[in-house]
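Residue numbers (the numbering used here), protein chains in the order written: chain C, 1 to 88; chain X, 1 to 286.
Any given hint could turn out to be false.
Said to hold, decoys possible - Between beta-carbon pairs, the in silico distance windows are: (1) C:G28 <-> X:S273: 41 to 49 Å; (2) C:Q13 <-> X:A274: 37 to 45 Å; (3) C:S27 <-> X:E280: 57 to 65 Å; (4) C:A87 <-> X:S121: 39 to 47 Å; (5) X:R113 <-> C:G47: 14 to 22 Å; (6) C:G47 <-> X:A222: 33 to 41 Å; (7) X:A94 <-> C:A82: 25 to 33 Å.
As the list claims (entries may be wrong) - Not close to chain X: a few residues of chain C, all C-beta gaps over 12 Å, as computed: (8) R25; (9) E70; (10) T80; (11) A81.
Just so you know, the hints here were simulated from the structure itself, not pulled from any lab data. Beta carbons are placed, not taken as given, at the ideal position from N, Cα and C, and that holds for glycine.
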Amino acid sequence: MRYRGPAADALLQAPLDLFTAVFHRPSGITHLLAEPAPQILAALGGGEMDLDALLAALAVEHELVGATREALVERLGELTAAGLVEAR
Amino acid sequence: MRHRLGLRVGPVSFRVGSDRREPIHQLRALYAGYPAPDAAIADHTVRLEAPRPWRRWLRPQVRVAGDHELPGAVPLPARHALLAAEMAMNLQLALGHRRHILLHAATVERDGRALVMTGESGAGKSTLAALLAGAGWRFMGDEFALIAPDTGLAHPFPRPVSLKNESIAQVRAAWPAARFGPELAGTPKGTIRHLAAPADAIARMDEPARPALILFPRFGAAPALRPVPPAEAFVRLTEASTNYVALGEAGFRALTRLVREVPAVALDYPDGSAGLAAIERCWAAL
């Protein structure tokens, strides 16, 4: 499975506290995301990755160590359901 | 429409017309001192008309019409035409206004800083706003807070305060000099009486203020005060806004800025005087 994130200019992000408010320009929908969802979107960065590459990117670029594959798949499932990530 | 009234409330102008004399007459009294619209064309038009021709005389009724209408809205008895007019003005603004982000909130101001109180119907926004105005705060509005997307400032929209049931006597007792409209008994929300906006609220209706505190009041509960984190405040404000979705990105920027810049607290209070005292304490601690 490969995952594609939205282009950087498709999102408007406002970190608030533990949550980040995200405005998705193509749909006009507002999302409230908790960690590590904003980091996943940033790591995907509008590109496409498989699970291993994403896990590595999260560990290196976002210091998100210890994320399990299962947890990441679950988060990606939520982001896909929200329309922010495309799974193919 | 045989009877008409044009008026401006802060940055919004209305034209209200009716085939009956009384509602316009009552509106004129309640809105005495308000300026006329700046331009020939008002922002919003409200019509109060009989749903059927015979309803002008036989068990008279009024229905509201305008640029925006709610399908299936039930006509009100003509004796509640003033309430119909106020509801119609709210509806036009809620559905048609795009220049500000609209929050269903009451706003008062002191020392150039605004207190924005938002909550569901019955939370006590209007009563608290009236009591605070009686205690020397500047009344900016009890129905909508108008936040400018570019500056983040709250703009006054000082309409008459819609007081319901027990709060009518409470405000009268606390503020004997206040001017009221007629008592409207037996409305869908019980007895309603409008408190005319104070003269200084009308005189200063073009003077915005920077929000300094967002309050989520809840009437009738044991006293409690809790800071509301920005994300929770953001969600509650998007729910309190009638045009957040319509404004799109501008609404997102305005509300995220508001909750990042302005502290928010949830206040449970058992009665008006306890509410006022708690608000003064919060304000002093800013």
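Now for the hints, and whether the structure bears them out:
In this structure the hint that G28 of chain C and S273 of chain X lie 41 to 49 Å apart at CB holds, the actual value being about 44 Å. Range check, Q13 of chain C to A274 of chain X: Cβ separation about 40 Å, and the 37 to 45 Å hint holds. The given range of 57 to 65 Å is broken by S27 of chain C and E280 of chain X, whose C-beta atoms sit roughly 44 Å from each other. Checking the proposed 39 to 47 Å range against A87 of chain C and S121 of chain X shows it holds: the Cβ atoms sit about 43 Å from each other.
Judged by the Cβ atoms, the range 14 to 22 Å given for R113 of chain X and G47 of chain C is violated: they are separated by roughly 46 Å. Evaluation of the 33 to 41 Å hint for G47 of chain C and A222 of chain X yields a failure: the beta carbon distance comes to about 53 Å. Between A94 of chain X and A82 of chain C the beta carbon distance is about 28 Å. The supplied range of 25 to 33 Å therefore holds. A Cβ of chain X approaches the Cβ of R25 of chain C within 12 Å, the least distance being about 7 Å, so the stated non-interface status is violated.
With a cut of 12 Å on Cβ distances, E70 of chain C stays outside the contact zone with chain X, its closest approach being about 26 Å. Against chain X, the non-interface label of T80 of chain C holds: every CB pair exceeds 12 Å, the least being about 22 Å. The Cβ of A81 of chain C sits about 19 Å from the closest Cβ of chain X, beyond the 12 Å cut-off, so the non-interface label holds.
Checked against the numbered hints above, the structure violates hints 3, 5, 6 and 8; every other hint is satisfied.
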